[in-house]
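Chemist: Residue numbers (this note's numbering), protein chains in the order written: chain B, 1 to 165; chain C, 1001 to 1170.
One thing to keep in mind: the hints can contain errors.
Straight line, CA to CA, 20 Å or less: simulated EDC-like cross-link-like pairs of lysine to aspartate or glutamate [stated by the list, open to error]: (1) C:Lys1148 / B:Asp36; (2) C:Lys1043 / B:Glu48; (3) C:Lys1052 / B:Glu48; (4) C:Lys1155 / B:Glu21.
None of these hints come from the bench; they were simulated from the model.
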Amino acid sequence: MKRYDELWLHSEPVEQDRIRELLGDALGTEPDMRLDPDALLTQAQRRERRLRVASVCGAAAAVAAVTVGLAIVTSSAGSAPTQGPSPHLVPGASIEQEPARSSQRNPTEPRVSEEPAQKEMRPSAPTPRSDIVPQRPPERIEDIAPSATNPDGRTIPPAGLPGPG
Amino acid sequence: MTGRDTEFVEFVRTRGPSLRRTAFLLCGDWHRAEDLVQIALLKLFRAWSRIKAAEAVESYARTVLVRTAVDESRRIVRRRERVSDSVPEVVAPAENPDATLDARRVLAMLPARQRAVIVLRYWEDLPIEDVAQMLGCAEGTVKSQAAKGLATLRKLLAREPHLLAMEAVR
């Protein structure tokens, strides 16, 4: 400690060789080096090989991803008119919509095609109802104003009509 | 073995001990110093062809070593223990063990960046511009860090010796 006290107590700039001496003292006696150059070379080669494989795989994966993405974009662009409007488009925009082929239809959507409307206008056969009794139109006046019968058995004609005699 | 492999092995044999000494001054632990050297050499091998052409192998290795040491010192969680199947080697006693311990304690109390500047500037004898390039900072920063490091060393060694005593107890 005293040597360093003398070294650092003075205000003049510390000389380079004295600092070097301090660092040399810090080193002390070196232990044997356990680093084997051949083993280190093997490890370095293995590491380099692994990194190379990883980089090649990464590049191949990137190329494959770009190819698949391009194929998807191209195919969707080619088949876009037959598949109807894109979901990103605003409904009601100036796009001519084809008549729906599917049987599943949203009931809230307005009907665009003409064919279902014609089907609704077609007259349908009358449906027989059990609670209504069909009536024949009256043919004789007696059917409209039935004649009354006297207690003696003679028929009284309706008012306004001549009697049977 | 290719030419690159031969050159790499030769470099590890000749320059490995020197790099380990620098790493020890940066981190203060021989085992960690060897780990740092190994990490630096593995990175060096990947870039060997490029830096060999630029004649910058030594500089590149030292730069990687210093930056790895500074990065490791910033980690909050650091490996303190190592599992090993071999008995650690016995370090021969130094000529002046007290001086060695004192110097190590003083260095350990320096911040990592100041310590790196002191080691590179005064142990490796590197000019300020090289130190700045290695640490990735401006030359003015190197000068200020060196001045602060020296001031800290003076303070620790001369004016506040009780800090060293506390560190020794710890």
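Chemist: None of the hints should be skipped; say for each whether it holds.
Modeler: Results for each hint:
The suggested pairing of Lys1148 of chain C with Asp36 of chain B is violated, with an alpha-carbon distance near 38 Å, which exceeds 20 Å. Restraint check for Lys1043 of chain C and Glu48 of chain B: satisfied, since their Cα atoms lie roughly 10 Å apart, inside the 20 Å limit. In summary, the hint linking Lys1052 of chain C to Glu48 of chain B is supported, as the alpha carbons are separated by about 17 Å, within the 20 Å threshold. A threshold of 20 Å between alpha carbons decides the hint, and for Lys1155 of chain C with Glu21 of chain B the separation of about 18 Å falls inside it, so the pair holds.
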